[in-house]
Amino acid sequence: MVAAPDTLTEGSSLRVAEVSKHFPTPDNSTGSTHALDGVSLSIAAGELVSLVGPSGCGKSTLLRLIAGLDSPDSGELWVGTEPITAPSAERGLVFQDPNLFPWLTVRGNIEAGLVARGLLHEKRDDVDELMRLVGLQTFAKAYPHHLSGGMAQRVALARALINHPKVLLLDEPLGALDAFTRMRMQDEVLRLWKARGTTMFLVTHDIDEAIYMSDRIVIMTQRPGRIERTIAVNLPRPRQRNSSEFLSLRSEILELLHFAGNTVRESALGCV
Amino acid sequence: MNTSSVQIKQPAPMSMTAEPSGRAVTALPRPGSGLRARTLLAVPAGALIALAVHLVVSKSEPPVDTRNYSIFLGIVLGASVMMAAVQPLWPGLRRWMAHMCPIFAAAVLLLGCWEVITSGFRLLPLPYFPSPAGVLQSLINDRALLFDSTWHSLLLLLSGYALGVIIALITGICIGWFPYARYWGMPLLKVVGPIPATAWVPLAMVLSPSGTFSAVGLVALAVWFPVSMLTISGIANTRASYLDVARTLGAGQRYLIFHVAIPAAMPSIFIGLFMGLGTSFLTLIVAETVGVKSGLGWYVSWAQGWAEYGKVYAALVIMAAFFSTIMTALFKLRDRVLAWQKGVIKW
Chain G
1 MVAAPDTLTE GSSLRVAEVS KHFPTPDNST GSTHALDGVS LSIAAGELVS LVGPSGCGKS
61 TLLRLIAGLD SPDSGELWVG TEPITAPSAE RGLVFQDPNL FPWLTVRGNI EAGLVARGLL
121 HEKRDDVDEL MRLVGLQTFA KAYPHHLSGG MAQRVALARA LINHPKVLLL DEPLGALDAF
181 TRMRMQDEVL RLWKARGTTM FLVTHDIDEA IYMSDRIVIM TQRPGRIERT IAVNLPRPRQ
241 RNSSEFLSLR SEILELLHFA GNTVRESALG CV
Chain A
1001 MNTSSVQIKQ PAPMSMTAEP SGRAVTALPR PGSGLRARTL LAVPAGALIA LAVHLVVSKS
1061 EPPVDTRNYS IFLGIVLGAS VMMAAVQPLW PGLRRWMAHM CPIFAAAVLL LGCWEVITSG
1121 FRLLPLPYFP SPAGVLQSLI NDRALLFDST WHSLLLLLSG YALGVIIALI TGICIGWFPY
1181 ARYWGMPLLK VVGPIPATAW VPLAMVLSPS GTFSAVGLVA LAVWFPVSML TISGIANTRA
1241 SYLDVARTLG AGQRYLIFHV AIPAAMPSIF IGLFMGLGTS FLTLIVAETV GVKSGLGWYV
1301 SWAQGWAEYG KVYAALVIMA AFFSTIMTAL FKLRDRVLAW QKGVIKW
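Just so you know, the sequences run in chain order G and A.
So for the first sequence, this note's numbering puts the first residue at 1; every next one is plus one.
So for the second sequence, this note's numbering puts the first residue at 1001; every next one is plus one.
Hints are computed from structural coordinates only; laboratory data are not their basis.
Check the hints yourself; a few may be wrong.
To be verified - Heads up, simulated SDA-like pairs for lysine to any residue below, C-alpha to C-alpha not over 25 Å straight-line: (1) G:141 with G:115; (2) G:141 with A:1094; (3) G:141 with A:1335; (4) A:1342 with A:1241; (5) A:1190 with A:1178; (6) A:1059 with A:1038; (7) G:123 with A:1335; (8) A:1342 with G:123; (9) A:1332 with A:1059; (10) G:123 with G:137; (11) A:1342 with G:208; (12) A:1332 with G:142; (13) A:1342 with A:1324; (14) A:1332 with A:1074; (15) G:141 with A:1059; (16) A:1342 with G:145; (17) A:1342 with A:1092; (18) G:123 with A:1257; (19) G:194 with G:208; (20) G:141 with A:1092; (21) G:141 with A:1282.
As the list claims (entries may be wrong) - From chain A, some residues computed to sit far from chain G (all C-beta separations above 10 Å): (22) 1045; (23) 1140; (24) 1174; (25) 1239; (26) 1242; (27) 1250; (28) 1260; (29) 1263; (30) 1266; (31) 1274; (32) 1335; (33) 1340.
Stated by the list, open to error - Computed footprint of chain A on chain G; a stretch qualifies when at least three of its residues, placed anywhere within it, have a C-beta under 8 Å from a C-beta of chain A: (34) 36-45; (35) 111-123.
Quick reminder that beta carbons are idealized off the backbone N, C-alpha and C, glycines included.
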């Protein structure tokens, strides 16, 4: 199940144990939204796991908890043997909106993590290497608003990878791209994953993307956010998007989402 | 068969397209050359009219008072003729003049109108509304004192502005970033800030050891409110996702403030800087008029006291040049600092 890359593994394992999170509803002080309800999850070092589920099922909340940007009401989160208490350079985060700093050039954005940790002078070569890896050398001096969506997302990936994170959290990173760019970028992310051996946790709406990329697929239901099932994808890479195994896995997941209830069925159909 | 048909077909479209394009080539330069003639001749013609008006109007006046203005208009005429002569060889100047010549011509003609109204038909009461020749004469006669006044105003303005901006940035960043500073600072800012700086003049005169000192303080106060207000709003409106991203990149408090919040607030801060510059001009002139015994504000009220309105206008001309130069310098600074915004927003 753990498809560790042959080259190197700089990733770390990730463990989420019985994590719950409520949010107060804005209009009503007594009620609250049960965003996550006893979610447990374990990801091995160097594994690529996808999280699929309808909108509002707490996927992004779970990712923010792992990033350390929010803290859970109950339960624990661990990276390797370290408990997660605050954001750290060990856990990179890439959003659907690239969120590049518009006042910095492409190079400046990629360097940001090094500047923040005061390591720019020692690790300047890393920046060049990473820019080559994502194919952005010629755009070093461009400002973010000159970039296309795909390129901006590549910069965001490079910016997150500059710190050599043990875990890379991807919150629908390719959701805003057109279908062709998205498929190219899926290969790009897989290439980076293989080159670095980073543990990746990918939130996505796109079932095909989840099957194409991940070792395992975690399926969540909404309100309260719970893990419905975990499906292993035992297909050799590079995967054929139209192979019979691929398609049967796809219909299996769709069916699973159908049986999970009415609301889930509608939103699942909406995003396929 | 095939090749011959192709051969026959090819020349036909070529001749069809050649004819209209040939016509277009001969037709196009006409409006173009008309535009160029207007560009070339507008300013020299305007200068010539102004000079003619001046020569006719000033016949009755002593030559000592009007000779300098004749020379000035002569220089304007000469310069405009020279620019017209150089334009065919210098595309950059041509483009610039094509854009600017209506404004230059209008400015020169306006001088002519001013002269007709004042010296020509004497439509306005004299000591209060001198002719352009009189203003130029005052400017030349009193140049030493005017230069000295401008210098003092510049020193006062820059020191007051710099002091105000530094304090405003510190208060703005603290209040915008730290909730505790916001709790205590915001009410103070909201209550004290809106009082116009000039209203503090009586207190400033009592409190400060010298007029210059109080004037610097007043200008700083005038700058402080708008700059700190807009710094606060810029810092507080930093996109939360930028801060989240920076945190996951290993950023500490210092990086978040200096590398995320402040750059994100820069566009807002610059709006504050422009507003502050406007209020600082106003406060500078008031402070010089009532307190300090130097500077352009003082010069205007002093000249008014002697009913020398030529000097008043001369000082106003200098103020216009002085303030707009400083404003332009701030625009240039913004263009440099906010170069990353180019293409994001309409300037």
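Hints versus structure:
For a cut-off of 25 Å, the pair hint linking residue 141 of chain G to residue 115 of chain G stands: about 17 Å separates their Cα positions. Note on residue 141 of chain G and residue 1094 of chain A: the hinted pairing is violated, with a Cα-Cα distance of about 33 Å set against a maximum of 25 Å. For the given pair, residue 141 of chain G sits about 17 Å from residue 1335 of chain A by alpha-carbon distance, which is consistent with the 25 Å threshold. With a C-alpha separation of about 22 Å, the suggested pair residue 1342 of chain A and residue 1241 of chain A falls inside the 25 Å cut-off, and the hint holds.
Pair hint residue 1190 of chain A plus residue 1178 of chain A holds up; C-alpha atoms about 17 Å apart against a cutoff of 25 Å. Proposed proximity of residue 1059 of chain A and residue 1038 of chain A is contradicted: the alpha carbons are some 31 Å apart, above 25 Å. Distance restraint check for residue 123 of chain G and residue 1335 of chain A: the Cα-Cα separation of roughly 32 Å exceeds the 25 Å cut-off, and the hinted pair is therefore not satisfied. As the CA atoms of residue 1342 of chain A and residue 123 of chain G are separated by approximately 31 Å, the hinted pair breaks the 25 Å bound.
Proximity of residue 1332 of chain A to residue 1059 of chain A is assessed by CA-CA distance (about 45 Å); at most 25 Å being required, the pair is judged violated. Only pairs whose Cα atoms come within 25 Å are accepted, and residue 123 of chain G paired with residue 137 of chain G is accepted, the gap being roughly 17 Å. At most 25 Å may separate the alpha-carbon atoms for a hinted pair to count; residue 1342 of chain A and residue 208 of chain G exceed this at roughly 39 Å. With a CA separation close to 21 Å, the supplied pair residue 1332 of chain A and residue 142 of chain G stays within the 25 Å bound.
For the hint linking residue 1342 of chain A to residue 1324 of chain A, the alpha-carbon distance of about 23 Å falls within 25 Å, and the restraint holds. For a cut-off of 25 Å, the pair hint linking residue 1332 of chain A to residue 1074 of chain A is broken: about 33 Å separates their Cα positions. As the CA atoms of residue 141 of chain G and residue 1059 of chain A are separated by approximately 64 Å, the hinted pair breaks the 25 Å bound. With a C-alpha separation of about 9 Å, the suggested pairing of residue 1342 of chain A with residue 145 of chain G holds against the 25 Å cut-off.
In summary, the hint linking residue 1342 of chain A to residue 1092 of chain A is supported, as the alpha carbons are separated by about 23 Å, within the 25 Å threshold. The suggested pairing of residue 123 of chain G with residue 1257 of chain A holds, with an alpha-carbon distance near 23 Å, which does not exceed 25 Å. Of the pairs offered as hints, the one joining residue 194 of chain G and residue 208 of chain G holds, with about 20 Å between alpha carbons and a cut-off of 25 Å not exceeded. Only pairs whose Cα atoms come within 25 Å are accepted, and residue 141 of chain G paired with residue 1092 of chain A is rejected, the gap being roughly 28 Å.
At roughly 42 Å between alpha-carbon atoms, residue 141 of chain G and residue 1282 of chain A are farther apart than 25 Å, so this suggested pair is violated. For residue 1045 of chain A, the shortest C-beta to C-beta distance to chain G comes to about 45 Å, beyond the 10 Å cut-off, and the non-interface label holds. A cut-off of 10 Å between C-beta atoms confirms that residue 1140 of chain A is not in contact with chain G; the least separation is 48 Å. Distance to chain G confirms residue 1174 of chain A as a non-interface residue, since its nearest Cβ pair spans about 21 Å, more than 10 Å.
Some Cβ of chain G comes within 10 Å of the Cβ of residue 1239 of chain A; the nearest lies about 8 Å off, and the non-interface call is violated. The beta carbon of residue 1242 of chain A is not kept farther than 10 Å from every beta carbon of chain G, the shortest such distance being approximately 6 Å. Under the 10 Å C-beta cut-off, the non-interface status given to residue 1250 of chain A relative to chain G is violated; the minimum distance is some 3 Å. A cut-off of 10 Å between C-beta atoms contradicts the statement that residue 1260 of chain A is not in contact with chain G; the least separation is 7 Å.
Not every CB of chain G is more than 10 Å from the CB of residue 1263 of chain A (nearest about 4 Å), against its label as outside the interface. With a least CB separation of 7 Å from chain G, residue 1266 of chain A falls inside the 10 Å interface cut-off, contrary to its annotation. Every beta carbon of chain G lies more than 10 Å from that of residue 1274 of chain A, the smallest distance being close to 19 Å; the non-interface claim holds. Distance check on residue 1335 of chain A: its Cβ is at least 14 Å (rounded) from any Cβ of chain G, clearing the 10 Å threshold; non-interface status holds.
For residue 1340 of chain A, the condition that its CB be more than 10 Å from all CB atoms of chain G is violated, with the nearest at approximately 5 Å. Requiring three or more residues with a Cβ within less than 8 Å of a Cβ of chain A, the coverage given for the stretch 36-45 of chain G is violated, as only 0 such residues are present. Judged by the Cβ-Cβ criterion of 8 Å, the stretch 111-123 of chain G is covered by chain A as claimed, because 5 of its residues qualify and three suffice.
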